[in-house]
Amino acid sequence: MGGTLRRYARDEGGEDRERLEIDLPSGLLSQFQKYVENLHLNMDEALQHLIEEELSESAVPPSRPELYRAFWSDLIARLAVTRTPLAQSWYTFSSGHKGISYTLSFTKEGKTRIDLYVDVGDKAANRRIFDLLKSMRADIDRRFPRPLSWETSATRRACKIGLDRSGRVTDDNREELMAWLIRGLALFREVFESQLQRVE
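Counting with this note's numbering, you get residues 336 to 535 for the letters of the sequence shown.
A few of these clues could be false.
To be verified - Computed list of lysine-lysine pairs in DSSO-like fashion (alpha-carbon distance at most 30 Å, straight line):
no., residue 1, residue 2
1, Lys433, Lys458
2, Lys458, Lys469
3, Lys433, Lys443
4, Lys469, Lys446
5, Lys469, Lys443
No wet-lab data here; the hints were simulated from the structure.
Fair warning: this is a prediction, and the values are worked out from it, not measured in the lab.
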């Protein structure tokens, strides 16, 4: 035969305001009572602990902006740079050349991406830089694990050169994605620094 654990919460007038009941089989009830005694808790304290555990497990998960902020916070800490983590899907790092940056991002298509992003404020100037870099494409591509994507648009001012892989900020392989972005950023800087000197 089983048993019932009851917990009452009373208001200042002594009236029952809340009641919690947990039905347990007799064997489990006995085990639970021994467990509580070993922890030197009374039954009221033990039930409060159960309630808190249940509430913590059913808490609302972090929103996507909060996940982005946490991800970039960890990433910039590992890079040992002083930056403010932002609650957005992308993060930029300076190349040392005006209007040209390295952008790390999570795309709507479920990709994790690294780009050399070119936007000096003028579409024709952006395209000139892009074309000069593209003239060195064979040398640049061979230094990456696979060919880069070279992207221009008739409707957008900026140009970009990127590398991507599958990955979302909500994926379980967070550490792997972060390591990939850190290695990729270092490689982009290594490869493009000398090239950017040549196009200025």
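Evaluation of the provided hints:
This hinted pair checks out: Lys433 and Lys458 have alpha carbons roughly 14 Å apart, not beyond 30 Å. This hinted pair checks out: Lys458 and Lys469 have alpha carbons roughly 16 Å apart, not beyond 30 Å. Of the pairs offered as hints, the one joining Lys433 and Lys443 holds, with about 28 Å between alpha carbons and a cut-off of 30 Å not exceeded. Simply put, Lys469 and Lys446 have alpha-carbon atoms about 23 Å apart, close enough for the 30 Å limit, and the pair holds.
Between Lys469 and Lys443, the direct Cα distance comes to roughly 26 Å. Compliance with the 30 Å bound is thereby established for this hinted pair.
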